[in-house]
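J.: So you can see what is in the structure, the chains are spelled out below.
There are 2 protein chains.
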Amino acid sequence: MEILKQRILKDGVVKEGNVLKVDKFLNHQMDVKLFNDIGEEFAKRFAGTGVNKILTIESSGIGIACIAAQHFNNCPVIFAKKTLSKNLDGEMFVTQVKSYTKGVTYDVMVSEKYLGKGDKVLIIDDFLANGCALMGLIDIVKQSGAELAGAGIVIEKGFQVGGKTIRDMGVKLESLAIVDSMDNGTITFRD
Amino acid sequence: MEILKQRILKDGVVKEGNVLKVDKFLNHQMDVKLFNDIGEEFAKRFAGTGVNKILTIESSGIGIACIAAQHFNNCPVIFAKKTLSKNLDGEMFVTQVKSYTKGVTYDVMVSEKYLGKGDKVLIIDDFLANGCALMGLIDIVKQSGAELAGAGIVIEKGFQVGGKTIRDMGVKLESLAIVDSMDNGTITFRD
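Keeping their order, the protein sequence lines are chains A and B. Note that this note's numbering has the first sequence beginning at 1, numbered continuously upward. Note that this note's numbering has the second sequence beginning at 1, numbered continuously upward.
Hints listed in this document are in silico derivations from the structure and should not be mistaken for laboratory results. Note that the structure is a prediction, hence the values are computed from the model and not measured. For glycine and all other residues, C-beta sits at the position ideal for the given N, C-alpha and C. A portion of the hints provided could be inaccurate.
Interface residues of chain B toward chain A, partial, derived using beta-carbon atoms under 7 Å [to be verified]: (1) Leu4; (2) His28; (3) Met30; (4) Val32; (5) Leu34; (6) Ser59; (7) Ile62; (8) Gly63; (9) Asn73; (10) Asn74; (11) Tyr114; (12) Gly116; (13) Lys117.
Work out the full structure, taking the sequences as your base and the hints as a guide.
T.: Okay, here's the thing in structure tokens:
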């Protein structure tokens, strides 16, 4: 997605440890107009798949998923929660997700009320690196008996294992920008 | 906002300890069409205030804030983060917020790059109860030198102190549904 790649080149900052900071437009300050372009692109790439629910994970995926849902007939968006709070009770689908960024393992959960047989689920998230969060969300979709339409990712770090692992599972994975390297601070995209 | 009140009566569940669960449409599964109605209503109530940035806090505020921003000329949305992650560095505005729901105190932070003099900030959140989160966000706006246009809340628990405290500070606070009591599971709204 050319407009996204240009934005990453303009406003992304490469930090030590292969960290790509895009907090100017994606995951701290959010550019809602760009999110609509992203949502439109996801709708094109998943056209005809019958998506009727979008699943994401707190926090950075939520804004993108909500704006994208407008391009999928305003379908419901569910965000998986990372910790047990008093306001989420009842039966939950639960999986474990390791966050390398934060160095912790979370319980990730979705209420059984909102996912199940007959649902066609598109997973949306901002980043794909090692794939732990996405694997966790796929596991939740499987537990629920819903059908996985695929996964839409804004930025994939193509030099980490997540993308290959998940494509090898047969999942329709669409990443709008795949960064193949950031050596010496220069971002190179996959064609 | 009548359509919201009707939705709360239809899909809200009152739980022990004055907990109002609205996870069917607001803060776990999200109804994006309703969020657009909410955004439109915020735009009416804050018309002419010159809002050019929306500030919210992870996680439940993000979807509402992003959809609402479309009704404020696609202005940027910033979500305050609750913990220090490796991807947020540099200078930050920081404040402390106690979460009664989760029983912990968070550091809440916003990058100094994205708020400052010349900004007119609308704070948006899903719930207002004791007001701790909102007070924290107001503190961050003050630290930044930006001007506070006001705060838009989806559901205010009118029987808790937050709303009164914040209105007494002179803040333009607009809550789209104010619940005055939930005694015996019956939700009563303020007129």
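J.: Please go over all the hints and tell whether each is borne out by the structure.
T.: Structure-based check of all given hints:
Of the supplied interface hints, the one on Leu4(B) is violated, with its beta-carbon coming no nearer than about 16 Å to a beta-carbon of chain A, more than 7 Å. Interface hint status for His28(B): upheld, as the beta-carbon distance to the closest one in chain A is roughly 6 Å, under 7 Å. About 5 Å separates the beta-carbon of Met30(B) from the nearest beta-carbon of chain A, less than 7 Å, and the hint is met. Checking Val32(B) against chain A: minimum C-beta separation of about 4 Å stays under 7 Å; hint holds.
For Leu34(B), the interface hint is violated, the least distance from its beta-carbon to any beta-carbon of chain A being 9 Å, above 7 Å. At a threshold of 7 Å, the smallest CB-CB gap from Ser59(B) to chain A is about 4 Å, leaving the interface hint in force. The interface hint given for Ile62(B) is met, as the beta carbon of that residue sits about 4 Å from the closest beta carbon of chain A, less than 7 Å. Checking Gly63(B) against chain A: minimum C-beta separation of about 4 Å stays under 7 Å; hint holds.
Evaluation of the Asn73(B) hint against chain A yields a violated restraint, the C-beta minimum of about 10 Å exceeding 7 Å. Look at Asn74(B): its Cβ gets to within about 5 Å of chain A, closer than 7 Å, so that hint holds up. This hint holds: Tyr114(B) has a C-beta 4 Å from the nearest C-beta of chain A, less than the 7 Å allowed. Hint status for Gly116(B) relative to chain A: violated, with the closest Cβ pair at about 12 Å, above 7 Å.
Given hint, Lys117(B) at the interface with chain A, is violated; its Cβ is 17 Å from that chain's nearest Cβ, farther than 7 Å.
Comparing the model with each numbered hint stated earlier shows that hints 1, 5, 9, 12 and 13 do not hold.
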